[in-house]
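Peer 1: What follows is each chain in one-letter form.
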Amino acid sequence: MASRAKIEISRVSKVFDGSPRNRTAVFNDISLTIDEGEFVSLVGPSGCGKSTLLLCVAGLESRTSGEIRLEGKLITKPGPELAIVFQEYALFPWRSVIRNVEYGLEAVGVPARQRRERGRAALNLVGLGAFAEYWPHELSGGMRQRVAIARALVIEPKVLLLDEPFGALDALTRSLLQKELSRICQATGKTVLFVTHSISEAIYLSDRIVLLSKRPASIRLEVRTALPRPRDPYDPEFVALTERLERVLLEEVPEQAETMVAA
Amino acid sequence: MLAVWEAAVRFGDVDPIILPSPSMIAETFVSMLLSGELAFHAANSLARLAIGYALAAAGGITLGLLVGWFRLASDFFTPLIELTRPISPIALIPLAILWFGIGLGSKVFVITMATFFPILLNTIAGVKSTDQLMIRAARSLGAGHMRLLLTVSLPSAAPFIHTGLRIALSIGFIVIIASEMVAAQNGLGWLILDSERVYRTDIVFVGIVTISGLGLLADYGMRLLGRALFPWIRAKESQNT
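If you read the sequences in order, they're chains A and B. Quick note: the first sequence uses the numbering used here, first residue 1, plus one each step. Quick note: the second sequence uses the numbering used here, first residue 1001, plus one each step.
I should point out that these hints are in silico values taken from the structure, not numbers from a laboratory. Note that the structure is a prediction, hence the values are computed from the model and not measured. For each residue, glycine too, the CB sits at the ideal point set by N, CA and C. Check each hint, because a few of them may be wrong.
As the list claims (entries may be wrong) - Some chain A residues flagged as far from chain B (calculated, every beta-carbon gap over 12 Å):
(1) 37
(2) 169
(3) 187
(4) 208
(5) 227
(6) 228
Unchecked claim - Per label pair, the in silico range of CB-to-CB distance:
(7) B:1129 <-> A:65: 31 to 39 Å
(8) B:1147 <-> A:18: 27 to 35 Å
(9) A:127 <-> B:1050: 45 to 53 Å
(10) A:22 <-> B:1090: 46 to 54 Å
(11) B:1133 <-> A:187: 23 to 31 Å
When you get a sec, could you build the whole thing from the sequences and use the hints?
Peer 2: So this is what it looks like as structure tokens:
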């Protein structure tokens, strides 16, 4: 087989310890392998723990049991090999756009000139080359998220993790950024783990979709999508797959899935 | 208001020792300004304030970062801070004289004590209120512990520190006058008290006006500084309202 396992999640569980009486299992016994260059989406009802799973992969959240490996090495702490993009952008408001993008390069000790060059290249990649000297608060939500993506890509992580990155954006910006992300991933061949609650977004972007059940989450269904890119959400096959996955989600949590479909 | 005051003093039966007229005060102000006397006292006051304030800022920010960031430092210093914080800096003036004499040392000591705590407490609060999301983003971009403190917590605490510095500065202006009234041979505090003793109420007013004006000017400068340094704060405010 040509594909190589990039991330191996094996039998991972997470229990939030409140008081002894208030132990909540977030997810249970999840095993999942993501291959080099693969784009995998985690989809599930809100509150099912998909974001927590992503944080565990990022090394930002501890797991209760099980192992997560990156290229065979156990993940124990966060680092530039696993860059994460959050829904809320998490840009540093006290840094200009270019200096936000350079942050990770500073942390690993890249010299200033090289930082500037690579930062500019990353901004060009997300189409914000002209906004290098702006402040984050001067940009729209969609532009801020592009900066966050550039900031994550510039450090050349082995895996890009995205936690509902387009969840706070309006529909138009959202579909625009989906297109951009798809293009960038095709161009760079990045391995991506993507969390979303939108099934059509997952189908649009992914090579493989992993549907999680309600809390405590486990893997409900895995689907490979081989639709040719760029994908068209109005294509009959696309629509059929959307309907099929939505039905599974509806079975999972009727009341939540309904509001999701409505939205 | 000034006109009523002027008229009341001029045509009413008011003793200028109790209340000199605005024009008289202005005249004294100008003559003291020209003779350099006012500048001499103001410079002395400001120098003492600057030294004490600078010490407090350096100490307060440094200790604040440590206490806000390191659990161990917090456990050790927090009870100490809570214990010493309520001490009135004015009450320390006699002790300061005892320990440091009536020279520069005692005034600097009192100013430092008075301005240290607002800077310290605001710094601690600022560090502790760092957005966890920013910390997470920075960690996942490869930042270690010290880099997090210096490149995430410090800048995100900066607006808090600035507020602490502003509060401390206004306290400093109050305390410098009090300490100069007790132990000094010059400075605006001394000038005010000494003039009162010789019934030069006009000079008392000149002193009051000068110190108030300087305080106002300093605070205005701090506000401008805040606007220049933290442009995103104002942007957030205008978004929220």
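Peer 1: Now tell me, hint by hint, if it's right for this structure.
Peer 2: Okay, the hints, checked on the actual structure:
no. : hint                         : in the structure
1   : 37                           : holds, 21 Å
2   : 169                          : holds, 17 Å
3   : 187                          : holds, 22 Å
4   : 208                          : holds, 23 Å
5   : 227                          : holds, 31 Å
6   : 228                          : holds, 33 Å
7   : B:1129 <-> A:65: 31 to 39 Å  : holds, 34 Å
8   : B:1147 <-> A:18: 27 to 35 Å  : holds, 32 Å
9   : A:127 <-> B:1050: 45 to 53 Å : holds, 50 Å
10  : A:22 <-> B:1090: 46 to 54 Å  : holds, 50 Å
11  : B:1133 <-> A:187: 23 to 31 Å : holds, 28 Å
Violated hints for the displayed structure: none, as all numbered hints are satisfied.
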